[in-house]
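Colleague: If you want the building blocks of each chain, they are given just below.
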Amino acid sequence: MCIAGPSGSGKSTIAHCINGLIPEFFQGKAEGEFTLCGKDARTLDVFEISKLVGSVLQDTDGQFVALTVGEDIAFAMENDCVEQEEMRQRVKDAADLVGMGAFLEMAPHELSGGQKQRVSMAGVLVDDVRILLFDEPLANLDPAAGKQTIELIEKIRKQTNTTVIIIEHRLEEVLWRNVDRIILVDNKEIVADMNPAKLLSENILKERGIREPLYITALKYAGVEVTEDMHPEHPSALILDEGNIEKVRKWFESVSVKAPAPKGEPVLSVKNMDFSYNETFRAVKDINFDIYPGEMVSIVGRNGAGKSTTAKLICGFETQDSGMITLNGRDISDDNIRLRAQRIGYVMQNPNAMISKTMIFDEVALGISKLGLSQEEIQERVNKALIVCGLYPFRNWPISALSFGQKKRVTIASVLVMGPEIIILDEPTAGQDFKHYTEIMEFLRELNDAGVTIIMVTHDMHLMLEYTSRALVFNRGELVADTTPAEVLCNPELVEQAALKETSLFSLSNKCGIENPVDFVNRFIDYDRRVRS
Amino acid sequence: MNKFSVKTVVAIGIGAALFFVLGRFVAIPSGIPNTNISLQYAVLGLFSAIYGPIAGALIGFIGHTLIDLSWGGSPWWSWVIASAVVGLVAGLPSKKFGLAEGNFAGKKVIAFAIVNAIANAVAWIVIAPVLDIVIYAEPANKVFAQGAFAAVSNSITAIIVGGLLLLAYSKTIAKSGSLKEED
Amino acid sequence: MSAKTVLNYIPKKSVIHELTGTTKLAFFLLFTFASMLTYDTRVLVVLMVISFSAFFLSKIKFKEVRGIFLFLLIFLLLNNFFVFLFDPGHGSDLYGTEHILFYITKRLVVTQEQLFYMVNLTMKYFVALPVAILFISATDPSEFAASLNGIGVSYKIGYAVAIALRYIPDIQRDYQAISQAQQARGIELGKNERLWNRLKNSINILLPLVLSCLSRIDTVSNAMSLRGFGKNKKRSWYVKRKYTSKDFAAIAFGILILIFSLVVTFHDGNRFYNPFV
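Residue numbers (our numbering), protein chains in the order written: chain A, 10 to 542; chain B, 42 to 224; chain C, 2 to 278.
Treat the hints as calculated values from the structure; they're not laboratory data. Among the clues, some could well be false.
[Stated by the list, open to error] Simulated crosslink set (SDA-like; lysine to any residue; CA at most 20 Å straight-line):
#, chain 1, residue 1, chain 2, residue 2
1, B, K183, C, D219
2, C, K234, A, Q93
3, A, K416, B, E222
4, A, K366, C, G187
5, C, K192, B, R65
6, A, K48, A, E33
7, B, K48, A, E181
8, A, K267, A, S478
9, A, K215, A, S478
10, C, K201, B, K44
11, A, K444, A, D102
12, B, K44, C, D219
13, A, K379, A, Q351
14, A, K207, A, E181
15, A, K164, A, Q93
[Claimed, not checked] Here are some, though not all, of the chain A residues that point toward chain C, as calculated from beta-carbon distances under 10 Å:
#, residue
16, L45
17, C46
18, A75
19, L76
20, I140
21, E163
22, N196
23, G273
24, T328
25, F370
26, V424
Being a predicted model, the structure only gives us computed values, none of them experimental. Cβ coordinates follow ideal geometry from the N, Cα and C atoms, glycine included.
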């Protein structure tokens, strides 16, 4: 079963009630009844509940508390004073169940996010829990790892016969495998409790700010009436009759696509760039690409493929071993971090890691306070950046009073204030629900329309598809593709290399016998953009 | 000691890790050759103020021991114990500060400064030199000179950096109150 | 950098590696106490022989730890230099006689007593060094927490040490990322800035770092509570190894060393071995 809902809807509070963190760590007033496995849950403490409910938290690094995989899986048993021999056997069984049996000696830093999550699962499976609770399991994973997680969750559910509760707003990804029921939460209330097929055939998701699976949206655009008996819960299960297929094809032919804008001279160009952190491992090799003014480009690839390293090299956080980086035709290889930052802004994934002042104005002013400008000039430039970012009304607020999305804007403002030509953003929307994702991305698009070239390092295929015109795909330190996002998502080999997931639009267009799926995807995105704005 | 809450245990661990990272990898030149500003004592002051004297003492003890071990040698115990004393003394008024409950008033930062000055003075002018004399029979004038230097530089770091950090931190935990949007 | 490299753990197959972490920790502490309490040259020589032979037994090669040796050699030289500079007569005060070798200046007199004292001081630190290196290089950091618990430290404190080792690499990575982003905004901690500015600038890095640590404390303690940490008075350890007769022998040997050094050192009521009278 899945609990879905926008941020702040109350879905995490429900989760905290189920796993006992409420009332143990968060205080509040509780009314009503809550029974767990036939017992009144309010008489159980957090330890007793943890024997019944196994929780897998969103932050995989926070949950992985021990020094190696084996120890972490054993953690709960150690606290129960289980004898070592029994412990070793149970650790082995649980690790095998999640496919981590060969990694027992590994340290967390040697594992990917998906692997750490598997360890967390094994760590709760060592106790025979009755309920497995996942708090946004897909938030920190790339699409390929997310797909594997959903597959693994189903396998565990079948083998151990446990109840699985997934808190997640990425419905399309969760529905990759069978889900019996979806509970939709909004404004602290349950607004729907039904099977996925019924839920998808209604319009309730959009109204509540949850992203509908793309193929469902496409069907609705084409005028197809989605009904329960069409099995809309999975693109491969979907049954379309002749009439509906015709509708989709007609729609496809009727939609036009904007021609791409002319390119001009590149603003940034990277030539034959090599870099290694140490002698044994080459982080990036022979990277070549050009970025044109006014472009919005995404850099994709699995963890360790070299995308972040490339971004760091461009910003001057690291220095390339060989090759050249030019900005407007001038070699900037010898410019230090500070000089480059005036021209190329870098925005970190987590705004909290960038913000170092307590007041918004001071934070935005920080970067230009050392340039020897007059007080008025600083004031003027900061105000301008604040206006662009929609933060001007809050300029005298403490940053702690802002939401995550607003903090993100503060960090973007503090980079914009330097007047850069290019901004590089690392995972700009990580962990955000659809509403906040749209807010952040629409804001970036406005900036882009105003002339700022934007490069984004991302795992998010929606972001890549909906907002960028070009995707650079990295694999094992090499740039393996430089093409349109639709092309990437319709090419199984690139999808695999970039740790992405093939888009459901691709399956839909195949189902409807459309010969050019790339075109179908492009037209859908373009149409969708116009409908939404 | 088995009464520690889970949170205190974690705070000791993470605090010691932070102490270690700052002490081992972050070198800010102090202006005097071969001596660096020890930022870890600013953070130790802050963590002790939040989590109390026992946590503070253990953060100093574990963090300093790990630094010495990571250089590869046997810990210089007299100074390790002095670090623990800094955390212990600096954490004594933690209940009064009320940082954990989020009701810290800005003026208490003066109390924080005084406590940290005392903590560093006790640790580096009394504990460390006396232990150096007892254990290693080092000459008194040498160890007291060393201690006085450490006391001054660590107090300054703890008061200035720790104080500013505490002020900034107390602003982030303060209730936002009534904020109005302006045109 | 991982927890294993923080403390330079070098996995090998040797008698020393086979001992449990608890034994190594206990031996390390007993040995360190012996070397700290004594100032008797004869005892120090015996301790040195023992500690270097233990090092030999571990099969750890000198070149694997050469950096550490060099670093400590420089540290000890510097320390000796200051000792001499501050109090060239300290040796004579301790041993009660004065055999002058030569003068550097009128105040800086080199005496046999001073040299002898400084040799002892250096040895005192140096004898513990191979044992310390052994303890660090031949003990899996995973065993630290269990070992501390093994010698009687509360398991909660033991686990705090494990958490420190676990999150050092994460915090170091955070520090680097934060400091790079701040450098891009002109925040420097290096020599280009005045001291006051360096201190002020450090806040710009420390504040985000500290805030991220504080929120990490919340997540980690929630995760640990959900898996039952702290509910019992004891806990078992996945990595703890069984004691063998070698372990008991090693601990007994450690205790013997401590007793031997205490007896030899203090039997005449004086901590120092004095060859000058």
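Colleague: Each hint needs a verdict: does it hold in this structure or not?
Modeller: How the hints compare with the structure:
1. B/K183 - C/D219: Between B/K183 and C/D219 the Cα gap is close to 44 Å, so the pair fails against 20 Å, i.e. violated.
2. C/K234 - A/Q93: At roughly 17 Å apart (the allowed maximum being 20 Å), A/Q93 and C/K234 satisfy the hint.
3. A/K416 - B/E222: 16 Å, holds
4. A/K366 - C/G187: Within the cut-off at roughly 14 Å; holds.
5. C/K192 - B/R65: Holds: C/K192 and B/R65 sit about 19 Å apart, inside 20 Å.
6. A/K48 - A/E33: 18 Å, holds
7. B/K48 - A/E181: Violated, because 37 Å separates the two Cα atoms, which is more than 20 Å.
8. A/K267 - A/S478: It holds: about 11 Å lies between the C-alpha atoms, which stays within 20 Å.
9. A/K215 - A/S478: 25 Å, violated
10. C/K201 - B/K44: Judged against 20 Å, a Cα distance of about 38 Å means the pair is violated.
11. A/K444 - A/D102: Given pair A/K444, A/D102 is violated - Cα atoms ~41 Å apart, limit 20 Å.
12. B/K44 - C/D219: Status holds; Cα separation ~18 Å.
13. A/K379 - A/Q351: Cα-Cα ~12 Å, so holds.
14. A/K207 - A/E181: 15 Å, holds
15. A/K164 - A/Q93: 28 Å, violated
16. L45: Since chain C brings no Cβ nearer than about 14 Å to A/L45, farther than 10 Å, the hint is violated.
17. C46: Hint violated; A/C46 Cβ to chain C Cβ min 17 Å, cut 10 Å.
18. A75: 7 Å, holds
19. L76: Because about 5 Å separates A/L76 from the closest Cβ in chain C, which is inside the 10 Å limit, the hint holds.
20. I140: Violated, because the Cβ-Cβ distance from A/I140 to chain C comes to roughly 13 Å (cut-off 10 Å).
21. E163: 23 Å, violated
22. N196: Since chain C brings no Cβ nearer than about 26 Å to A/N196, farther than 10 Å, the hint is violated.
23. G273: Interface hint status for A/G273: violated (27 Å vs cutoff 10 Å).
24. T328: 12 Å, violated
25. F370: 15 Å, violated
26. V424: 8 Å, holds
Hint check: violations occur at hints 1, 7, 9, 10, 11, 15, 16, 17, 20, 21, 22, 23, 24 and 25; the rest are consistent with the structure.
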